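Required output: the full structure, derived from the provided sequences and hints.
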Amino acid sequence: MQITRRHFFGVMGAAGASVAVRPPTGHAWQSKAPPDPFGCLVDLTRCVGCRKCEEACAEVNGLPEPERVNCQCTIFEKDRRPDHDAYTVVNRYYTGKVDEFDKPVPTYAKVQCMHCQDPACVSACIVGALTKDETGTVRYDVTRCIGCRYCMVACPFEIPAYEYHDPITPKVMKCTFCYDRISKQGGVPGCATICPTEAITFGRRETLLEVAKKRLKENPARYLPHIYGEKEVGGTSWMYLSGVPFEQVNLPALPETPSPKLSETVQHSLFTYLWSPILLFGVLGGLMAWFNKNDNPPDKGGA
Amino acid sequence: MTHAAQPLKRPLWTPGVLVMLVFMFAGAVAIIARFTGGIGYVTNLTNARPWGIWVGIDVATGVALAAGGFTTAALAHIFGRHYYEPVTRPALLTAVLGYTFVVIGLLVDIGRSWAIWKPMFYWNFNSVLFEVAMCVMIYLTVLYIEFLPIVAEQFKGRVNLPGILSGLNRLVDGFLQTADRILGKVMWVFIILGVVLSCMHQSSLGSLMLVAPTKLHPLWYTPILPLLFLTSAIAVGYPMVVFETTLATASFKLDSEVKILAPLTKITIFLLGFYMVLKIGDMGVRGTWIYLLDGTYQTNSFLVELLFGVMIPWIMLLFKPVRQSARGVFTAAALIVGGVVLNRVNVFIVGYRSPLTENGYFPAPSEILVTLGLIATLMFIYRVVVTYLPVLQAPKEVSS
Chain A
1 MQITRRHFFG VMGAAGASVA VRPPTGHAWQ SKAPPDPFGC LVDLTRCVGC
51 RKCEEACAEV NGLPEPERVN CQCTIFEKDR RPDHDAYTVV NRYYTGKVDE
101 FDKPVPTYAK VQCMHCQDPA CVSACIVGAL TKDETGTVRY DVTRCIGCRY
151 CMVACPFEIP AYEYHDPITP KVMKCTFCYD RISKQGGVPG CATICPTEAI
201 TFGRRETLLE VAKKRLKENP ARYLPHIYGE KEVGGTSWMY LSGVPFEQVN
251 LPALPETPSP KLSETVQHSL FTYLWSPILL FGVLGGLMAW FNKNDNPPDK
301 GGA
Chain B
1 MTHAAQPLKR PLWTPGVLVM LVFMFAGAVA IIARFTGGIG YVTNLTNARP
51 WGIWVGIDVA TGVALAAGGF TTAALAHIFG RHYYEPVTRP ALLTAVLGYT
101 FVVIGLLVDI GRSWAIWKPM FYWNFNSVLF EVAMCVMIYL TVLYIEFLPI
151 VAEQFKGRVN LPGILSGLNR LVDGFLQTAD RILGKVMWVF IILGVVLSCM
201 HQSSLGSLML VAPTKLHPLW YTPILPLLFL TSAIAVGYPM VVFETTLATA
251 SFKLDSEVKI LAPLTKITIF LLGFYMVLKI GDMGVRGTWI YLLDGTYQTN
301 SFLVELLFGV MIPWIMLLFK PVRQSARGVF TAAALIVGGV VLNRVNVFIV
351 GYRSPLTENG YFPAPSEILV TLGLIATLMF IYRVVVTYLP VLQAPKEVSS
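Just so you know, the protein sequences line up as chains A and B, in that order.
Be aware that the first sequence starts at 1, since it is given in the numbering used here, and climbs by one per residue.
Be aware that the second sequence starts at 1, since it is given in the numbering used here, and climbs by one per residue.
No lab work stands behind these hints, which were simulated from the structure alone.
All values reported here derive from a predicted model rather than from experimental measurement.
Treat the hints loosely; a few may be bogus.
Computed cross-link-like contacts, BS3-like style, restricted to lysine-lysine with a CA-CA straight-line distance of at most 27 Å [as the list claims (entries may be wrong)]: (1) A/K293 - B/K266; (2) B/K118 - A/K32; (3) B/K266 - A/K171; (4) B/K185 - A/K293.
The following block contains the structure:
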């Protein structure tokens, strides 16, 4: 009994170790970001909170008209998030910034899907209903979706919304980057087209980074020296410039590591070619033969 | 080694069963409401809080507590400890029912229940959930195959379907005979497969949250989360068997099986100790102990989990008098089971932090009713199965 138990412990240890150790063949995680994606640069110092982008977004994407569409005042009293009726919303923040008469100056911030370079939602999606397109768009294919909402758990920006009140065919709702437009020559997203202050600039991500750096260089007093989205979670297609700290306008401080890196590394290290389950099966089979060799064929009924 | 499981042959409709029926009915009403008004109609889930108790309890905890199935199978059949065979059948039944209800719970929780087959055709190898789903699906099949001989043992040669179905008697009997004969030869494959699949998805359930590094409290978010889930599932396997066997023998007034169960607790000292060392070591390596005394409800929940769910029962089991008393063993086992339940709830619910929206989630009454209804149904079916199939040990005499 002693020996057997020691064996048992040894095996459980070995099994645990074989699950924990990376195989020598495992290769390092690589970004799957498209090489030359589109993006948008949002300059919060230019946004005046007119909410035209909300209106244009609803129109292009066939969503209901935004809540109190012409209101630019009391609507800002509550902090809104994108939901199943709106892919983008503008919020107003008083961050303590004051003008020359000590009057508080508001900062307006539009929020929508950031279209991450290595999106957590795309990595998480059980059926691959979410994909990162060559244009940079994170696209959603409802015909694959099973409604597990793992994308919502994974998203570091709290973006995907759900049609919680549809009992049978609910959809995940999020910014489409106006894919049908931008995938065509010269197409521009609805929000970027309409913005009267050019707070939203659409273009190739590389170009936008240059534009952003130029603005930071030419007007350092106006901005914080940081391009939000250049490096956050490995980079995002949508990027922000701001004169106030990003956390104060609901853009969370995030690490530079892409969210899926760790989970994908763990999964692929363990399950590439199913090497670890096959190894475990072999080890257990050997042990089973060893431990049961002196038995008559036991009745395995109802194992 | 006397493996003499028998149907209970006790009256089914006891007061306890009637209470279960009340919960089942309430749960059914809540489920009807979910499929007419939507998930939002019956739950407190929001865009910031997409997973609640249906995932945290029905699925994650259900899978963890069904671990008795593969741990006892490994012990009795793979490591040849036939001494433990009497407890493999109840543990297997718990696993079969546990996983069945994990799937039923998922059907209620996912938005498009009718699309649950889609992961079989649309594969995303990057998705941890995809691997979990595949493993759970195959493992559930394996569990039913492992259970088939129990059905065959009871009905082989005496299939007697009622009324119009009696024409199928010979067909069903032939199926049972053939299945029993073939399975007798190849069951070892399914036993090992069951253990392998369990190790895979028990650990991967922990990997689920790795994709959201900023959304899980650092006390739980660690790269070794999958290893912690695997080791805690293995550690809770035998305590869960002790827990439910004690409850079953007490409620059916069968002979206490403490004699069989006592050595299991000695193995548990090692398995739980291993988990405890990993958990505390991880806290030390990552320096997350700095959060321990900050007084938030998340930290307190972690402390309860670690102290009452791991350390105290582990220390209890070190003492021989505790291991030799039925009450001591049961108390320690119940604490360990409770600790793993709380761990899964902590990882998926309490420790989950929505990054932008203040979100104090507490399940809605109808959400709780669904979970309670599913648990009651599980217990009811357990009761029905042990009444009519040879799962539990035959009572000898009514002894002390």
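Against the structure, the hints:
At roughly 26 Å between alpha-carbon atoms, A/K293 and B/K266 fall within 27 Å of each other, so this suggested pair holds. Of the pairs offered as hints, the one joining B/K118 and A/K32 holds, with about 24 Å between alpha carbons and a cut-off of 27 Å not exceeded. For the given pair, B/K266 sits about 50 Å from A/K171 by alpha-carbon distance, which is inconsistent with the 27 Å threshold. Our distance criterion of 27 Å between C-alpha atoms is met by B/K185 and A/K293, whose separation comes to about 15 Å.
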